[in-house]
Structures are given as structure tokens and as C-alpha cells.
Amino acid sequence: MTKPRVGFYDLTGCQGCLLSVIFNEDEILNIINAVDIKEFRFIMGEKYDGELDICFIEGGVVSNDDMDVVKKLRERSKIVIALGTCACEGNIQAMRKFHDKKDIEPLTYKKNHQNDDIDEARAIDEVIEVEYKIPGCPPDREEIKEFIKQVLIGKKWHDYKDPVCIECKLRENSCLLDKDVICLGPIIKGGCKAVCTTNGLKCYGCRGLTDDANFEEYFKMMKEKGFRMDEVKKIMDTFMARRVEKALKGK
Amino acid sequence: MTDITLNHIARIEGHARLDLKIEEGKVKECKLGSTEGSRYFQGLLVGRRWDDAPEITSRICGICSSAHGVASVMALEKAFGVKATEQTIRLRELQTIGERIRSHAAHIYFLALPDYLGYKSAVEMAPEFGNEIKRALRLVKLGNEMVTAVSGRVMHQVATQVGGFGKMPVQKELDDFRKRLIEAKKDIFETAKVVAGLKYPEFKSDTQFFSLHEKDKYAVSYGNIKVGETIFKQENYLDVIKEYHEPYSNCNFVVKEGKTYYVGALARVNNNFSNLSGAAKDFCKEVGFKIPDYNSFKNNIAQGIELIHYWEDTIRILEGFKIKREEPARFKANNGHGIAANEAPRGTLWHEYRVKDGKLTFANVIAPTTQQLRNIQDDIAKYVQMMLDSGKKKEEMPLEIEKLVRSYDPCISCATHFLEINWK
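Here the protein sequences line up with chains L and H, keeping their order. Here the first sequence is numbered in the numbering used here, starting from 1 and rising by one per residue. Here the second sequence is numbered in the numbering used here, starting from 1 and rising by one per residue.
If you are wondering where the hints come from, they were derived from the structure by calculation, not from laboratory data. Incorrect hints may have been included.
[Stated by the list, open to error] To give an idea of the chain H side of the interface with chain L (calculated C-beta under 10 Å), a few residues:
1) 42
2) 55
3) 60
4) 63
5) 116
6) 117
7) 119
8) 151
9) 152
10) 154
11) 402
12) 403
Cβ coordinates follow ideal geometry from the N, Cα and C atoms, glycine included.
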């Protein structure tokens, strides 16, 4: 069997997703041996511009350069995987849509800064089609490992669709909403083992909205619990500002 | 006239490029800039609730996420006058040290070593140097376990919060960790020997060393700042260092009184030598490492020395360390102003916030790489001139420049990528 040609790429982000691939310390050498890695700048110097069977992309599309890179990767890849929250949901940088650029640019940039920004920071599936998404900030390293295994044996990967609350309850946590903490658990896709809420931190929604997120019920419940809607909305914007805006249109 | 353009220099929080202009054998222009897309973290923090700051700023960097997360938490504690308990301070140090162990190990083996052994990458190196790569992964795992045991997740902390821990670390995990640390002795010392045994170019950076400094302890997350012979309080940082911008870079530059300075392992070892652990000092003697050492390439050796220091010091900290259950501190988070420095694996990191009515009105983050950039640029100009003077072939120069850039460990994932080289 010929080994699949695999590439790991990064647009604008923190490199944490590619690091999460490597952080499978016990298996990474087997993974590397099982595939033909053509480019993976984190651990390799080689550059490659040929065809790819599997292409992992971390980071979001914030600049013309990112736009160019991601389109070219699409053209030469059979399977594209959006890896992590920047690629899947837009992440922190997508919040820039709420600001006037002159307000958020560091003062030191002044007007002579040559900027390559596009209008708004996007997730990659807003620009190109992707076959799979592995969400999370960071994406769960074990999920990445499982994904690679499944794809290698030709199985189809299924996203985790249930809300964070399911895993949170299974871990026997008491509900943060009852402790006056805004938590997005009810409307966010799990698969994270509820790691944040288990450690006493609210769910900020890094894995994205569930397909059937019921905003009406969620907002009603949040209002009843006495939370301010503008504060709930701000937490929702943290990792998925453009996505939330689209989902809420007309609601 | 010869121009050298290195696009896509190994990443510095992503991507960078270098433009060099050479006329009649003299370096006329040397511009090192980041071409990474802007993410506007500081601006985006304004208007957010204070407790969103650690969550958001940890995303600045996957590799230094603990350093950012802890710095953010400490700055907010200063803003609200919250005093962390002794236990919390120790645990956060363990988190920071864990990140440093994994980062140093990965930098040494995956970034630095292939250059010196004549390979394109660690992947290419693996068949011949399987033991070294496996050793690297064991050390990365060790650091990961430490970060996870304290902060709740391998990256982008969840348990480490303002006022204490959202969930207390588990005693057994710390005890097990100490055992594995003791077992890792050989890996730690072998790694330090590997970097001490490499052949480094003769080079002297015209710089001053900048790092946290404590009187009787090797600085991790606390203390004053030492730069050259000057010592100043963290709170006064903007009186001492200045950020400025060049149009060719998406990353600012920083100087102290107009002069460049060096942050990172080499700076910490030079500034805090007397507080290194016994085994680390013995190792320095054994391999002939003496301070001050201004050879930027030897940052690799400094990382090895730090590995030994943290290894020995952490075993000591964890001996008899019994976790007490502590509830997170209660405090009023209305108004305040806080500044905190932390040592990230690759150098000093700054977080500053102003909070009004529970909302952030100002945020300033200065990352280590921002501070390194100017020093690297100056080093490149000097080193290229040295190479021109000694008649080095132009084909050999890019690799040498890359080695120099990588020695700073500008951001671990940052520095592996090979350069596209355009000669005119």
C-alpha cells in the first residue's frame, strides 16, 4: 500500500494545534512512519507544492496571504481538515469585526504600517470547502490521533454532536449556571470531556455551536437566571463571532 | 550589489522575512520583520470582562500559553490587590517550569540539532538518531504531564485562575510526577551534554542581558528585572523599555534606552548564575561554560543548563510537598491597574491591564519574541559582515543565518521552517 501524502499547514494562529499533533508523544513516531509527510513546518524544513491526499490546516484566514495559501491548498488536496478553533470557527481574531480598526491597532503601528488584512477574520470553511473539522482550542490531542487512525483505515469520521453539558454531567460537576457563572455548555458541541467546566472555568464555546442549538430556550433560561444578555453575547463572541452573528440573524 | 531576501524565515510567532542589502562587501541594510497576520489581541481585550483576559491572552501562543496565562493571572491579582498563597505561587511555578522543560527539549532536538548534524529536519534525522528523538519526546511528555497536573490541560490553562485554582491539583499526580522526574535524570543530563558538545561559531552579541532576578532564587515568575547591571521594579517597565514600530514588520521592536537587549535562557543564566542549582553549576564547570557569555548561539547550551537546574530544583520543591485544600481568594474586581512579568521559555513576557467597573479599559502585552527581534536583527547584520569579511561562500550563509535566528528559539514551532532564498 502506498502511504498517503500528508501535509500540516498553518495560517494565522498560535501554532497550538500543530503542537497538539506532536503532543501525542508516544504515538507521533508511528504516525510519521504510517504516512508520507510532505510538509510540516513545525518539525520539518522541506517545502512541497504537489498534490496531497490529506491536508491539515490550523489557523484562520485574516490576510490576503492566508486567503491565497488556503485556496491553493484546497486545489491540490483531496481531503482538507480544519484543525482547531481558528480554522473551524474563526477564534479570537474574528472579534475584530466589532471594532474600528484604528481603535484596536497598537498605537505604535501608526499609519505607515503595511497591512495585508482582509475585511474580517474568517474560519477556513467560510473560504473553501473542507471535508472534516476537528474543533477545539486547543483541539484534543487524542481526538487528533483517533482521527488519523480512522482516516488511515478508510473509515468515516463522525463529529461529536452532543452539547458539553452531557460530558459535564457525566463528570459529576455541579452546574456553573447555578453559581452565577455564564456558561455556554448547553449550546456548544462537546467532545472536550468538559475539561474547562470540570476545572471550574466557564465554557467559552471553543468547539462551536451544536447543529441544533436552541437559542430561544437558552436565552430564556439565561434571562430567568438573571444574566445580562449583552454579557452572554460577549462570551459567545469569544471564539466564534461571525458564526454567532449568522446563527442569530433574524432571532 | 548583492541582495539577500529570506522569505518565510522560520516562524516568529508564525512568519518572518529578512531583507539584507550588501554593497561592495558591506552590509548596508538588514531588516528583519514579522509577516504574520495581525490578531489585535490588545485591542480586542478592551471592553471585555476582566476574567476573560487569561482565557483570551493564553491564545496568543500555543507554545508559551502557560507563560501568558500565568502572567495574565498575576497582573490581574496585582490590579485587585489579591495576594496569592505560598502554595499557589509554588504550583504556578511548577506549571511554568513544566512548559519550559517541554519547550527547551523540543527546541534542542527538533530545531537546533538538525542544523548542527547536517539534516533538514528531525524527521530526516530520526532513522539515524532514533534514541535522541525518543529522548526528546520523553522530555516533552514529562513537561506536558507537569503542565497538565497543575493547570488542568496540556495547553491553554483552565484550572489556573485569579486568586487560586478552579480545581486543586491532585497529590498523587504530583508524587508520581516527582518519581518520573527522578527517573528522567539520564535524559536531562544527556540532553545538556548534547548541546554543550556542539561546535558553535565564534560570535559576540553587542547586547545586555535582560531577565527576572531574585536575590536568593533562580527567577521563574517573580522578582525584579535585571538588565546589564541595572535592577528595576516590574511596575516601572515602561520607563525603561520602549516599543517602536517599523513599517516592514507586523511585530513591534523593543529597546532599552535606545539599546537592544537579550531575553531568553542565555540571559537568565548570565543574570542568575549564582542561583543555579548545584548540579547545574557543576555542569557549567565540567563543560567550561563561564559567564558572561555573549555568544547568542550558546543559548542552546543555556537551555541545557536550565534543564538540569529545573530538574534538580523541581525534585527539591516536590519533596514532601503536601497539597492543602485552598478555596480561591475572594476579592472585589471593580477597578485596578496591574503589571506582571513572567519568564516564558524564550524570555521575559509582560502583561499589563487597567480595569474599570469590572471591564478592561487597557491591555498591553509584550512577548519575548517582540523583545528579541531587534537583537536578532543586529546580530544578523554583525554576523553576515563577519562572514563576508572571512570570505564565506554566499551559498553557505543562509543556513548560518538560520542557525543564528533559531538559537534564539524565537518560538519553538517558529523556527523550523526552511527559507526561500532569492539571490539577486
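Check: Are residue 60(H) and chain L close enough, Cβ to Cβ, to be under 10 Å, as the hint says?
Finding: holds (6 Å)
Item checked: Evaluation of the interface hint that places residue 42(H) against chain L, nearest CB under 10 Å -> holds (6 Å)
Notebook entry, point to check: Going by Cβ atoms only, is residue 55(H) closer than 10 Å to chain L?
Noted result: With a closest approach of 6 Å, the residue 55(H) hint holds.
Margin query: Would the hint on residue 154(H) be counted as holding, given a Cβ-Cβ threshold of 10 Å to chain L?
Written below: holds (6 Å)
Notebook entry, point to check: Does residue 117(H) meet its interface restraint, that is, does its C-beta lie within less than 10 Å of any C-beta in chain L?
Noted result: With Cβ-Cβ at 13 Å, over 10 Å, it is violated.
Margin query: Given residue 152(H) as an interface hint, is its Cβ closer than 10 Å to any Cβ of chain L?
Written below: holds (4 Å)
Next item on the list: Using Cβ atoms only, decide whether residue 151(H) comes closer than 10 Å to chain L, and label the hint accordingly.
Entry: holds (8 Å)
Item checked: When the least beta-carbon distance from residue 119(H) to chain L is tested against 10 Å, hint result -> holds (9 Å)
Margin query: A closest beta-carbon separation below 10 Å is what the hint needs, so does residue 116(H) meet it against chain L?
Written below: violated (14 Å)
Notebook entry, point to check: Does the interface hint hold: is residue 63(H) within less than 10 Å of chain L, judged Cβ to Cβ?
Noted result: At 6 Å from the nearest chain L Cβ, residue 63(H) passes the 10 Å test, so the hint holds.
Margin query: Take the shortest C-beta to C-beta distance between residue 403(H) and chain L; is it under 10 Å?
Written below: violated (12 Å)
Check: Close enough to count: is the Cβ of residue 402(H) nearer than 10 Å to one in chain L?
Finding: holds (9 Å)
Taken one by one, the earlier hints fail for this structure at numbers 5, 6, 12, listed in ascending order.
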